[in-house]
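The lines below spell out each chain.
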Amino acid sequence: MTPVIYKQSNLKRSVLLMMTWIVFGVIFLAPLSVILIEGLSKGLGFFWHTFANPVALSALKLTLFATLLSVILNVIFGVMAAWCITKYDFVGKNLLTTLIDLPFSISPIIVGLIYTLLYGSQSILYPFLMEYNLQVIYAVPGIVLATIFVTFPFVARSLISLMQEQGNTEEEAARLLGANGWQIFWHVTFPNIRWALLHGVVMCTARAMGEFGAVSIISGHIEGLTNTLPLQIEILYNEYNATAAFSISIILLIMAMIILFIRQWCERRITNAHSEAGQ
Amino acid sequence: MKPYQPKIWKILAAILLITPLYLQTSIAKTVTLLNVSYDPTRAFYHAYNQAFAQYWKEKTGDHVVVYESHGPSGKQARSVIDGMQGDVVTLALSGDIDALNKYKQLIDPKWQSKLPYHSSPYYSTIVFLVRKGNPKNIHDWGDLIKPGVQILTPNPKTSGVARWNFLAAWAYALEKYGSEAKAYDFVKQLYQHAPILDTGARSSSLSFIQRGLGDVLISWENEAYMALNESKPGEFELITPSVSILAEPPVAVVDSVVDRKGTRVVAEGYLNYLYSDVGQTLAAQYYYRPSNPKIAEEYKDKFHTLKLIPIDKVFKGWKEINNKFFKDNKIFDRIMSEINR
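Chains G and L are the protein sequences, given in the same order.
Numbering of the first sequence is given in UniProt numbering, commencing with residue 1 and proceeding in unit increments.
Numbering of the second sequence is given in UniProt numbering, commencing with residue 1 and proceeding in unit increments.
Derived by calculation from the structure, the hints in this document are not laboratory data.
Among the hints, erroneous ones may be present.
As the list claims (entries may be wrong) - Per the computed footprint, the stretches of chain G lying under chain L, defined by three or more beta-carbons under 8 Å from a beta-carbon of chain L, are:
1) 122 to 131
2) 205 to 213
3) 218 to 225
4) 233 to 241
C-beta atoms are modelled at their ideal positions from N, C-alpha and C, and glycine is treated no differently.
Turn these sequences into a full structure, and let the hints guide you.
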């Protein structure tokens, strides 16, 4: 490599780097700083006051609750689905694998409308639900269902690729040594997939906290009952209360940042696990 | 390899056991009502619900919590049809309450005769909001179709106020030019001056106030006042036209819901209290014109006088109006397709 070419590529590199930073600044940094500046523009007292409000607190509670529940259920179903797909052969396996990804490609408004049709008053299930006083849409269960739907692929996706890569040899060895199904899962499979599982959980959490579209249709916007944080932000903004809207955005932003750092940490653990396995 | 204890299952089991308890507590033990309303009433009902809870506690000893849901009027009606358990609906127009019986009978078809003043405890009208100093010199409906004027009004398909806006413009043109064909032309020209049609009254206001779109916002009188109060003094001006529509946003108890939940007495008490002096005074304070003449007299300086045309005089009720103007392929759709052509 001649010094001239080296110099040229160095120039190219710094131009590219500069352009990346400009785009990054315009698209990410500027909006993020606007949120911080706007949200804190009336001081910390106002910021705190926004959260002392029972309506905001209930929105925070509902968001955490829906996130927690959908993460737990997605872990259970995601692990089962990944286990099923990678350890067994059956008819329709490809179809199932494709269907798991469906929520990624379906528009949230369709998800909302599907649940409205399925559990709303036009549904054949409705008389039955009403008899047992089970309100699904315009209530907490509908919000949880919609959140699970849109976040379903995350856990299964992050497990399937890893488990396919790892293959079945360790499990087969355990089987030959006399382990039963649970023992195989807890002592062999689980230790291998736990970081990927955590990675899936983190992605699922991030998406669940921020979900707006599907939940917005299911929720009915009942203050103090079915408003999640993202919906509350929209309402506050519509009520000419932009500062409060941005204050709540800051909380969501902080939660997202924490999630992001956990994700980075998981990914490092996964790479470490990979390189250990390679040695 | 370390043996892995399945502790996580215990945690999961604990959470799954606690979850139903949480769901239980979110349904409070006291009497709860759900008021399904439209966007601009939020501030008013926040205040009214507290007043009502206090009144009801003094009267019956029961603790009542009123939850509110707000959105564009037509969309809110749709949610109740789809199963939102609103004990009462307080929507922008009676057509939206009539719509509740579209598939199943959710409400007594004679609901509107059950409360005084056609079940409208307050009324309002349609006015204009313009920018500081009224640069486009807007004073009446005729000024809205001058070259270079951009108006903001929401989409009548989803928004209640948008239908009132449409009818107000139509009624003005009908009175001024005397024929339906001329009214059609006027309204068509009006919509040619609308760069966007938002989904609801509130999104239209936000487009005008926060996004700086348009020269004139056509909106509810109470919404216009609220926007004035929320913005810097002098930034906007309220213009009352010579003629406008008498807009009566009605209220009703949703029979199918209250009978199932057993909340009829409270729900009826809630709506009746809107007609009390307390309810009427609160309405006036939040820029709704009170239906009770006594309270209206007290607050008469707060509202401009103008000629208000009741819809029954020009049109024949909401059913006719919707069939003639707003259903698919009717006058509004025709106007929009002619404009887009």
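Against the structure, the hints come out as follows:
| no. | hint | verdict |
| --- | --- | --- |
| 1 | 122 to 131 | holds (count 3) |
| 2 | 205 to 213 | violated (count 0) |
| 3 | 218 to 225 | holds (count 6) |
| 4 | 233 to 241 | holds (count 5) |
Checked against the numbered hints given earlier, the structure breaks only hint 2 and satisfies all the rest.
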